[in-house]
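Undergrad: Sequence:
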Amino acid sequence: MNEIISVIVAGAAGRMGQEVVKTVLKDPDLALVGAIDIKQTGCDAGKLVGLPDCGIIISDDLNAVLQGRGATVLVDFTNAQAAARNAKAALKAGVAPIIGTTGLDEAEIEELRKAAKKAKTGVLLVPNFTLGAVLMMSFARQAARYFPHVEIIELHHDQKIDAPSGTALLTAQSIGAERKPFHQGHPQEYEKLAGVRGGDWNGIRLHSVRLPGLVAHQEVIFGGAGQILTIRHDSISRESFMPGVILAIKKVRQLQGVNVGLETVLS
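My numbering puts the first residue of the sequence shown at 2, with every later residue one more than the last.
One or more of the hints may lead you astray.
What the hints assert, rightly or not - With a cut-off of at most 30 Å between alpha-carbon atoms, the simulated DSS-like pairs for lysine-lysine come out as follows: (1) 121 <-> 252; (2) 27 <-> 93; (3) 193 <-> 161; (4) 251 <-> 115; (5) 119 <-> 251; (6) 27 <-> 48; (7) 118 <-> 93; (8) 251 <-> 93; (9) 27 <-> 161; (10) 115 <-> 252; (11) 115 <-> 93; (12) 27 <-> 119; (13) 40 <-> 193; (14) 93 <-> 193; (15) 115 <-> 161; (16) 118 <-> 89; (17) 119 <-> 48; (18) 48 <-> 181; (19) 161 <-> 251; (20) 161 <-> 48; (21) 119 <-> 93; (22) 193 <-> 89; (23) 40 <-> 89; (24) 119 <-> 89; (25) 27 <-> 40; (26) 193 <-> 181.
Hint data in this document are derived by calculation from the structure and do not stem from the laboratory. Quick caveat: nothing in here was measured; it's all calculated off a predicted structure.
Given only the sequences and the hints, what does the whole structure look like? Please build it.
TA: Here's what the structure looks like:
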């Protein structure tokens, strides 16, 4: 018989948080023991996501929920500032944090490294939980060995507050492992409108699109003599993230230190 993993969801009233709550409640190997959000406090988490009442009431006090609930994993879909704070509180309580929020800076990640080492507990930072996105990044890294000229376009819903996306940055870093930094395009290129050529990561241009109706999409476009190679991934609904979330929940306790990307828990 499988061990039941006890899960707290932070950001439970948000769109991703609600999908995670629903997924945890439906998985026989998982138990929802806490739901954290500054909105919808006092509401039953099951009722919020359209399921029968589950007895877990949404709270805005993570520290209180971490005490006495027997949680082993925290899944956080809040924002970068809250996620870093929540992860440190979880580590202090011996709970392994999974952070699906992007935008943490290097100083915050370094603090998590120290806290994880002290707690002897793993932290998992996942910019994108879809298996297709992991494959997209892997394919892009392979292609960069032969196509050094590349630009990345990421497209998300208009409520996403950070740009570029964590997936786009991780893709650029992955490509950078195969490609030396250099300036693409005409050496005298200039912008008539500031920022029109996108952000620059070691010579790789990153472009962010924010529009209602989008969920999460990315194109990696490689150019070569007489040819174009495009690698694209589209998340049509937030259900696409849930197999990766479940996998992360079931594997995070096997990790030590700070780990970045879903690929760290893939076989």
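Undergrad: Sort out whether residue 193 lies within 30 Å of residue 93, counting only the CA atoms.
TA: 51 Å, violated
Undergrad: For a C-alpha distance cap of 30 Å, please report whether residue 115 and residue 252 respect it.
TA: Satisfied, since the Cα-Cα distance of roughly 21 Å is no more than 30 Å.
Undergrad: Has the given pair, residue 119 with residue 93, been kept, meaning a C-alpha gap of at most 30 Å?
TA: 9 Å, holds
Undergrad: When you check the alpha-carbon spacing of residue 27 and residue 161, does it fall within 30 Å?
TA: Satisfied, since the Cα-Cα distance of roughly 27 Å is no more than 30 Å.
Undergrad: Given the hint that residue 119 pairs with residue 48, does the C-alpha gap stay at or below 30 Å?
TA: Cα-Cα ~38 Å, so violated.
Undergrad: Has the given pair, residue 251 with residue 115, been kept, meaning a C-alpha gap of at most 30 Å?
TA: 23 Å, holds
Undergrad: Hinted pair, alpha-carbon criterion (30 Å max): residue 27, residue 93. Please report holds or violated.
TA: 28 Å, holds
Undergrad: Does residue 115 pair with residue 93 here, judged by a C-alpha cut-off of 30 Å?
TA: 11 Å, holds
Undergrad: With a cut-off of 30 Å on the C-alpha distance, tell me whether residue 119 and residue 89 pass.
TA: Within the cut-off at roughly 11 Å; holds.
Undergrad: Please work out if residue 27 and residue 119 have their alpha carbons no farther apart than 30 Å.
TA: Outside the cut-off at roughly 34 Å; violated.
Undergrad: Within a Cα-Cα threshold of 30 Å, do residue 251 and residue 93 meet the stated pairing?
TA: 20 Å, holds
Undergrad: Check the hint pairing residue 119 with residue 251 against an upper bound of 30 Å on the C-alpha distance.
TA: This hinted pair holds, its Cα atoms lying about 22 Å apart.
When held up to the earlier numbered hints, the structure conflicts with 12, 13, 14, 17, 18, 22 and fits the remainder.
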